[in-house]
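Novice: Chains as they are written, first to last, in the numbering used here: chain A, 1 to 146; chain B, 1 to 146.
These are computed hints drawn from the structure, not numbers from a lab. Keep in mind that the hints are not guaranteed to be accurate.
[Said to hold, decoys possible] Derived DSS-like pairs (lysine-lysine); straight-line CA-CA distance at most 27 Å:
(1) A:K58 / B:K145
(2) B:K58 / B:K26
(3) A:K145 / A:K104
(4) A:K21 / A:K145
(5) B:K104 / B:K26
(6) B:K58 / A:K145
[Unchecked claim] Chain B stretches covered by chain A per the calculated footprint, using a threshold of three residues with CB under 8 Å from any CB of chain A:
(7) 79-88
(8) 119-133
All C-beta atoms in this analysis are idealised placements derived from N, C-alpha and C, irrespective of residue type, glycine included.
Protein chains: 2
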Amino acid sequence: MTAHNANAAAEIRALIDDRAKAIRAKDVEGSTAGYAPDVLLFDVVSPLRYVGRDAVRKRLAEWFSSFEGPLGFEQRDLGIRAQHDVAFVHSLNRVTATTIDGTKLDMWWRATVCWRRTGGTWRITHEHASVPFDAASGHASLGLKP
Amino acid sequence: MTAHNANAAAEIRALIDDRAKAIRAKDVEGSTAGYAPDVLLFDVVSPLRYVGRDAVRKRLAEWFSSFEGPLGFEQRDLGIRAQHDVAFVHSLNRVTATTIDGTKLDMWWRATVCWRRTGGTWRITHEHASVPFDAASGHASLGLKP
Chain A
1 MTAHNANAAA
11 EIRALIDDRA
21 KAIRAKDVEG
31 STAGYAPDVL
41 LFDVVSPLRY
51 VGRDAVRKRL
61 AEWFSSFEGP
71 LGFEQRDLGI
81 RAQHDVAFVH
91 SLNRVTATTI
101 DGTKLDMWWR
111 ATVCWRRTGG
121 TWRITHEHAS
131 VPFDAASGHA
141 SLGLKP
Chain B
1 MTAHNANAAA
11 EIRALIDDRA
21 KAIRAKDVEG
31 STAGYAPDVL
41 LFDVVSPLRY
51 VGRDAVRKRL
61 AEWFSSFEGP
71 LGFEQRDLGI
81 RAQHDVAFVH
91 SLNRVTATTI
101 DGTKLDMWWR
111 ATVCWRRTGG
121 TWRITHEHAS
131 VPFDAASGHA
141 SLGLKP
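Same shape as in the complex, but just chain A:
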C-alpha cells in the first residue's frame, strides 16, 4: 500500500470512529453526515432498499427513538480497503440497548460500507447491513455471535 493509500485508509478509519461516537450519542445528523445525497442503503430490516440521505436519516431517527437510555455500539473485525478515491469497509457490528417497551437487545449484524471521495470529501455511496436467516425456519438469525 502506498503512503497515499495508507492515508486514505486512515481518513476512512477516523470517519468510522466519528460515526460510531455519533451513533452511541443517538445523534442523527452526526451519524448520517457522511452519506452521499443519493446513497443506496440495503438495511437489516425491510424494505429491500432505501435510496437517498433523507430516507436514511428518517430511518435512523426512528431506530434511535425505539430505544430508552444508553445505546451501546461496537464494531469488530474491521477491514478497510482504500485506494485513491474509492474505499470499502466490512465489519461485524453489535448493538446493546433497551427498547422503549423494556426489551433488552443484544444483536450482531454484518456491515459493508462503500465510500467515494469527491472534491476532497469522502462520502458513503452505498451501505449494506444484514443478518442472515435460518434456511430451515425462515427466521432471521438474531442471536448469532462472532
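Fit chain B to the supplied structure of chain A, relying on the hints for placement.
Specialist: Relative to the frame of chain A, chain B by itself:
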C-alpha cells in the same frame, strides 16, 4: 471517470457476466473462479460469515445441488464503481428454480461485491448477500420484489 477507470469498470462488468453464466450452468468452478483465496462472505443464510474460497465453493455446491432442472439467475440495478485496482458493485439479484423436493423458488436478494486487482487479476475479496427481515414477525422477507 478516466479512460483507465472506465476500462476497469468494463473489465468488472465482463467478469460479472461470465459469473452469471456459470451460475445458470450450476458450474461451481466457474462461479467461484473470481474469489480471492481469503475471501470473506456474508451470505444470505446462516452462519454469520464464511472465510476462504474453499468454504464458499462448498457452500455454492450445496446450493446448486438443492435444485432440480434449470436455474434462472438475473441481476438488475447494477452499480459499478471502479478506480485503479479497487472496485465495488451492488445489485438486486433474482433466482428462479425448483428445489429437489418440488418447491418453486422465486427470490430476490441484495448483493454487494468488492473487488481488488492484484498482479493484473481482479479478485473478489468480499461479498455480502442478504434479504432484510420483517421487524414485527422476525421472519426473513423472502417475497420482496424491486
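Novice: With reference to the structure, classify each hint as holding or not holding.
Specialist: Taking the hints in turn, this is what the structure says about them:
1. A:K58 / B:K145: holds (22 Å)
2. B:K58 / B:K26: The hint holds at about 13 Å.
3. A:K145 / A:K104: holds (16 Å)
4. A:K21 / A:K145: holds (22 Å)
5. B:K104 / B:K26: holds (17 Å)
6. B:K58 / A:K145: holds (22 Å)
7. 79-88: holds (count 9)
8. 119-133: Per the Cβ count (7), the hint holds.
Hint compliance for this structure: every hint is met.
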